[in-house]
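Peer 1: Modelling step: build the complete structure from the supplied sequences, incorporating the hints.
Keeping their order, the protein sequence lines are chains A and B. Each residue of the first sequence is one higher than the last, beginning at 1 in the numbering used here. Each residue of the second sequence is one higher than the last, beginning at 314 in the numbering used here.
Since the hints were made in silico from the structure, they are not lab data. This list has only true hints and no planted wrong ones.
Derived contacts from chain A toward chain B, CB cut-off under 7 Å, selection only:
hint : residue
1    : Gly-146
2    : Gly-150
3    : Ile-161
4    : Leu-198
5    : Pro-211
6    : Ala-218
7    : Ser-219
8    : Leu-222
9    : Ile-233
10   : Gly-235
11   : Leu-245
12   : Asp-246
Which bits of chain A does chain B cover? Going by a derived footprint, with three or more residues having C-beta under 8 Å, they are:
hint : region
13   : 102-108
14   : 225-232
Computed Cβ-Cβ distance ranges for the label pairs, DEER-style:
hint : chain 1 : residue 1 : chain 2 : residue 2 : range
15   : A       : Gln-18    : B       : Ser-332   : 38 to 46 Å
16   : B       : Ser-332   : A       : Met-14    : 38 to 46 Å
17   : A       : Arg-263   : B       : Arg-335   : 23 to 31 Å
Remember, it's a predicted structure, so these values are computed and weren't measured experimentally. Note that the Cβ used here is the ideal one computed from N, Cα and C, for glycine as well.
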Amino acid sequence: MTKPVQSGREEHFMILYQRSGAAAYEMTSEQFAAILTEILRKYLPQTFSTNPASASQSCSQKESDFCAALRLEELALARACAAGNERAWQDFISRYRQKLHSMAVHITRDAAHAEDLADSLFADLYGINLRNGSRNSKLIFYTGRGSLEGWLRTVMAQEFINRYRKQKKTVSLEEQTEEGVQFAAAIPEPVTTADSRLEAATDEALADLLPEDRFTLASYFLDGRTLAEIARILGLHESSVSRRLDRLATTLRKRILTGLRARGMSHAQAAEALETDVRDLRINLRSRLAQESGPATFPDSRKIPAQESGDGE
Amino acid sequence: MTEVPKIVHNRLRVAGEASQGRPHPEGDLLAAFAEQALNSSERNGVLQHLSLCEDCRDAVVLALPAEAASALRPMETEADHAALIPAIANRSWLNLGSFAWPTLRWAALAAGIAVAASVLLLHPAKPNRATRTSVQVPVTSVAAEIGNSRSSQSSKEQASTVATDAPGTSPNALVANNQFANKLANNKKQSSASDETRAKLLATPVANQPSSAVQSMAVQSMNENVEASEAPTSALTPSPENTLMARNDAPAIEKAKPVPQEIETEASSLQTSNGAPAAAKAMMQIRNAGAMPVSRDAIRNVSWAITAGVLQRSLDSGQTWQNALHADHPLLCYANLNDELWAGGEKGELFHSVDSGLTWARLQPSVNAHQLTGDITNIEVLGSDSHRDPHDVKEIVVTTSTNEVWSSPDSGKTWNKK
Numbered sequence: 001m002t003k004p005v006q007s008g009r010e011e012h013f014m015i016l017y018q019r020s021g022a023a024a025y026e027m028t029s030e031q032f033a034a035i036l037t038e039i040l041r042k043y044l045p046q047t048f049s050t051n052p053a054s055a056s057q058s059c060s061q062k063e064s065d066f067c068a069a070l071r072l073e074e075l076a077l078a079r080a081c082a083a084g085n086e087r088a089w090q091d092f093i094s095r096y097r098q099k100l101h102s103m104a105v106h107i108t109r110d111a112a113h114a115e116d117l118a119d120s121l122f123a124d125l126y127g128i129n130l131r132n133g134s135r136n137s138k139l140i141f142y143t144g145r146g147s148l149e150g151w152l153r154t155v156m157a158q159e160f161i162n163r164y165r166k167q168k169k170t171v172s173l174e175e176q177t178e179e180g181v182q183f184a185a186a187i188p189e190p191v192t193t194a195d196s197r198l199e200a201a202t203d204e205a206l207a208d209l210l211p212e213d214r215f216t217l218a219s220y221f222l223d224g225r226t227l228a229e230i231a232r233i234l235g236l237h238e239s240s241v242s243r244r245l246d247r248l249a250t251t252l253r254k255r256i257l258t259g260l261r262a263r264g265m266s267h268a269q270a271a272e273a274l275e276t277d278v279r280d281l282r283i284n285l286r287s288r289l290a291q292e293s294g295p296a297t298f299p300d301s302r303k304i305p306a307q308e309s310g311d312g313e
Numbered sequence: 314m315t316e317v318p319k320i321v322h323n324r325l326r327v328a329g330e331a332s333q334g335r336p337h338p339e340g341d342l343l344a345a346f347a348e349q350a351l352n353s354s355e356r357n358g359v360l361q362h363l364s365l366c367e368d369c370r371d372a373v374v375l376a377l378p379a380e381a382a383s384a385l386r387p388m389e390t391e392a393d394h395a396a397l398i399p400a401i402a403n404r405s406w407l408n409l410g411s412f413a414w415p416t417l418r419w420a421a422l423a424a425g426i427a428v429a430a431s432v433l434l435l436h437p438a439k440p441n442r443a444t445r446t447s448v449q450v451p452v453t454s455v456a457a458e459i460g461n462s463r464s465s466q467s468s469k470e471q472a473s474t475v476a477t478d479a480p481g482t483s484p485n486a487l488v489a490n491n492q493f494a495n496k497l498a499n500n501k502k503q504s505s506a507s508d509e510t511r512a513k514l515l516a517t518p519v520a521n522q523p524s525s526a527v528q529s530m531a532v533q534s535m536n537e538n539v540e541a542s543e544a545p546t547s548a549l550t551p552s553p554e555n556t557l558m559a560r561n562d563a564p565a566i567e568k569a570k571p572v573p574q575e576i577e578t579e580a581s582s583l584q585t586s587n588g589a590p591a592a593a594k595a596m597m598q599i600r601n602a603g604a605m606p607v608s609r610d611a612i613r614n615v616s617w618a619i620t621a622g623v624l625q626r627s628l629d630s631g632q633t634w635q636n637a638l639h640a641d642h643p644l645l646c647y648a649n650l651n652d653e654l655w656a657g658g659e660k661g662e663l664f665h666s667v668d669s670g671l672t673w674a675r676l677q678p679s680v681n682a683h684q685l686t687g688d689i690t691n692i693e694v695l696g697s698d699s700h701r702d703p704h705d706v707k708e709i710v711v712t713t714s715t716n717e718v719w720s721s722p723d724s725g726k727t728w729n730k731k
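Peer 2: Right under this line is the structure:
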């Protein structure tokens, strides 16, 4: 399946170890190799779990490509911190303490919450909980796939959503009420008595789209994200997102109509089934979204360390 | 604004609710996703989850770095924090948050464009002074020219301190010009230094772009050695502006070191001819300076539009537009991916640019001697699946008014007709 490559894995890991600068944090090459093995096992399970015997001998092309893309230096820093190396921790503080604070302000837009959020994440990163006398640092979950800074931002954003989501929604609803926008009460919930044929045709049309297209639709129409935000997430130009939305709107309409006709509707009936005031629904959606209290959907990641890697495969 | 049938909203939401409780991608995967560091199958997996999970979508958006974060971070102070206190985060802040910085950036861009425009405005005065023979002008003629240039300059929008200095300093200029004449060896440096200063005063963004700054300096010091003579004057006469000049002069001279050579070559070409070739050359340089993207950010901000068959470009999000491509036949559509840009028009006209529209190549798609001749009504650029290199263009697809679909897998070298 995977062709063996010139160098043995040990040799390869040694090169990566030297590149990472992990030695400066008193991390041995064996420790670093163990970390790499753990990461490879997580993200390239086929290479590892299926054939551990051969895997321990040689290093596949796929594997070395994967390792080459890792942020080795940041990985070494993060894991050395997690292992309790004082010098690594000092480096981490000097590089990220201030950034963590700025990130928290950026995410919460509220000084009090920002401080709270940054401090609690900082404690998690330091590993204040002791287990068997060792630190239990969140940094152990960093795998070097993206930048350490990006990971910190993401972990913080997840934490923020877990903690403040309910509060956020309540407040935004209160603000609406203050502004006299009481549509949430005035307009009844959208009645989901749409024709089952329409639902099926729509589901089918949506299922035919690429995941990226569905993501774009959900971000734009359900979350009310701006084109710029979507473009930044997808690494595209704003105008590309705009054109994609236009194209999606056309495609969806066409496919739903086709689906409806395939389900026995006449052209006129199909067109009528689609013809409704979109704005009504958008308002209803917003109010519904605001009313829903988000469930605590982010389980603490340390409780489920590796099980979700399949989700991204 | 794009709308989709309401049933689409409905079903998207229902699909999201139905899949609640599924495990979320971990932070490292989401972070790598946001940095475009996943391979395509991983990326699709994450996108699949994101399309169903509002929480994760929110997390990804919240985790986006503050725009131009490195530039802003040092400025984030307690005062900024205080300004942020009022509202607990709701979605509207995202719009507010992203509003402030781009505005500044556009202002910087506008300033950059103003510099380019001022260079262009200065140029027409050149033929009036065509007999100018480089920097080594007798003192008296320099003084006379101060008068000339003053009138011509006053008609231009010249926002430089040097220009506003001119009326009050002409007597001093004579005195100073004696010294100036004694310092002929230094003159060229000083002249370019004064222009450098002006460029700095007008807009720092352009000064950061070495090539365009140097080019405009060269052109200006060619055309404006009257001002060059004023530079030492101002330096000798104490006034607020002059202090500013003097302070800026020292480092500017250092920076301007590569320039004198260029001035000399330009000057000699001016002396040997009647000035026209040099003028043309200068014009070319100005064009380049104006057309050069001011920075990498400018490319990111560039927007395109087709107006009356002409492709136009805006570097300031649509406030001002420049013509970017004018073809024989009206253009009808365009498409871009990163720096690559395609534009199509009537009668099968198709153009391709790999540098955000600075240069263009005309493509003539043909398959088995059959040429694409219909009006091109749509162009689509499909990016590569490899997200490790999003600059890769996988395929471009061109649709014509005659319902032909042409595609090229290699940026227009070979074509297939579907």
